[in-house]
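S.K.: In case you want the letters, here they are:
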Amino acid sequence: MLVKTRDLAKHFQVGVGQTLHAVDGISLEINENEILGLVGESGSGKSTFGKALTGLLPRTSGEAWFRGEPLPAKFSAQDHLKYSKEMQMIFQDPYSSLNPRMTILDVIGEGLFVQGQHTRPQIRDQVAYWLERVGLSADHMSRYPHEFSGGQRQRIGIARAMIIEPRFVVCDEPISALDVSVQAQVINLLNDLKQSLGLTLLFIAHDLSMVRYVSDRMAVMYLGRLVETGTADEVFFNPKHPYTQLLIEANPEPDPQIERDRAFVPIRGEITSPINVGEGCRFADRCPVATSRCRSETPRDILVDEQIVACHNYD
Amino acid sequence: MSHLLEVNDLAVEFATYGGNVKAVRSVSFHVDEGETLAIVGESGCGKSVTVQSLMGIIPMPPGKITGGSARLKDKEILGLPPREANRFRGVEIGMIFQDPMTSLNPTMTIGDQIAETLRVHRGISRQTAFKRAIELLEKTRIPEAQKRARQYPFEFSGGMLQRAMIAQSLACNPSILIADEPTTALDVTIQAQILELMMELQRTENMSIILITHDLAIVARMATRVAVMYAGQIVETGTVDEIFYQSAHPYTAGLRQAMPSNVGDKNKQLTPILGSPPDLFDPPKGCGYCARCPQAMNVCLSRLPPAMAVGDNDSEHTARCWLQHPDAPDTQAVYQPGKQHAG
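If you read the protein sequences in the order shown, they are chains A and B. As numbered in the working numbering, residues 1 to 315 make up the first sequence, in order. As numbered in the working numbering, residues 1 to 343 make up the second sequence, in order.
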């Protein structure tokens, strides 16, 4: 495997004596050349996990490995330089993630420039290559971000990450801000890069159909914890955890006949606060099959068929 | 029988530095009692401007309604003087917006905001109105409505705010509820709750709904009829089954092929729609979709297609596409589920 975490946690101090458990003990393995889809509601900690993995946020506890090598809890400037050659991130908002004062040449070329191993003309050539590769034109180099549409900016963000030729890319909701017709372009591009360059991707999103489409494996997060992990199709068509089951039932399908036939029971309540959470299953309050044990004892990971499920019902 | 709401040839322009943007170009549709009309399209296609001009809430200037009519219960509602517009706005038509956080007043309690609607339109006392506001919050399933009515918007979650907005829009028993991307900002589980609530209220209150969305999956769940918008025009309209199973416009077909489906073959490649929508400062003379259309013909470049009937003449299924013309080449190739079209 390429990336591994054990009990990775990221807590934030909010106010006096209040702790926000954004990510609370995630153990996950990402294999070489696979796309792992990470889904969950807003506030479940999926973006924080991605940032803790790439060193953009220091982790509170737990361990992480990259290529079998332990990653520091807090990245120093040297660590950033070292690991940024192999790990990159693509962000959700293609508007705020590009510096409006930099030309596209500078935006995309900055990573190579920082590494200091390329001459200016070499960087230019690379930028031109990647612009073409993501479906833009080399002539766009001297323009500024505001001259591009959302989908084009997202592709600039992809080119910026890819020019480094990383092995691992965290894509944090890369298509949420885009129109349907453009989403397909970005997804096809990511798939193509995965196949031609042997990339490994952590694909964070909340669109379940898209995650199932693009991912090899899928992990479901709820309030800072993983509740279910397995192959994308198994998790989608044969969900084991009650939360995954309700989440997939709530996911509408673009087919009127299927929607008419659906026995429609929306999940109750809303995601609770991740501040000062105690023992027990985080989903217990909304779970239709919760028992008293669920409220007092934290469920362990259990292998059910091919999936890893954190639920007492399978114990 | 006449329709509850009938819009004909609506045209809206915005004056900008660069010239006039023709945001809505001759849009016609109707809404019948108790049905849900979904208006689908991508950003910038004019779907929000269409309904905002019905409500009289586009800023004028720079906006200007340059033509058309909209009749609600056989009464013209476009271009009403402000006093009269206020009398039907919020009474006959209620509206909820995409972002409930910015559409409610942060300095007023939720209960007071709902009560305000009632006091303005119904002229009832502050106390009665507040009591009625609590009932409305209960109707939209807000737990502890008594306590919640005295709280401010920042104390509500996104899902709860959208419920409060629905409560406010229902205050005067409107005959039509316009929902402009009501669940785009919400998680899938909360989205399911809100959609379920809207469907239930539609049944109990006998309302019609105009649902604006870009998400075809939500359309499949909610809509009776669908209007697909592109570049300021309705390019295809029909029942939800006609739109999904007998798509006649290449844009509708293109949208469906750009989305993943969980039925059928997973390994089917998504087919993106290449290119981008036309510049509405100077809309193309012919079909707006022509430049991106895999089936474009010469006539599409030069002449704007009218809304033509699809299939047998009894249905209201129409498409603005020259392929529907009797003299057009074989249209069988336009859309076959699961099969990629040429180009």
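Any given hint could be a false lead.
Pairwise CB distance ranges, derived in the manner of DEER restraints [claimed, not checked]: (1) D106(A) with G275(B): 23 to 29 angstroms; (2) A263(A) with T128(B): 38 to 44 angstroms; (3) G17(A) with T128(B): 32 to 38 angstroms; (4) E144(B) with G15(A): 21 to 27 angstroms; (5) P326(B) with A263(A): 40 to 46 angstroms; (6) E86(A) with G275(B): 53 to 59 angstroms.
FYI, nobody ran anything at the bench for these hints, they're computed from the structure. Because the structure is a prediction, the values reported are computed rather than measured. All C-beta atoms, glycine included, are put in the ideal place defined by N, C-alpha and C.
S.K.: Next, verify each hint and record whether it holds.
M.R.: How the hints compare with the structure:
1. Under the hint 23 to 29 angstroms, the C-beta atoms of D106(A) and G275(B), about 27 angstroms apart, fit the expected range.
2. For A263(A) paired with T128(B), a C-beta distance near 40 angstroms keeps the hint of 38 to 44 angstroms intact.
3. For G17(A) paired with T128(B), a C-beta distance near 45 angstroms fails the hint of 32 to 38 angstroms.
4. A C-beta distance of roughly 25 angstroms is found between E144(B) and G15(A), which places it inside the suggested range of 21 to 27 angstroms.
5. Distance hint check for P326(B) and A263(A): the Cβ-Cβ separation is about 44 angstroms, which falls inside the suggested range of 40 to 46 angstroms.
6. For the pair E86(A) and G275(B), the supplied restraint of 53 to 59 angstroms is violated, since their beta-carbon distance comes to about 35 angstroms.
Violated hints, in rising order: 3, 6; the structure is consistent with all others.
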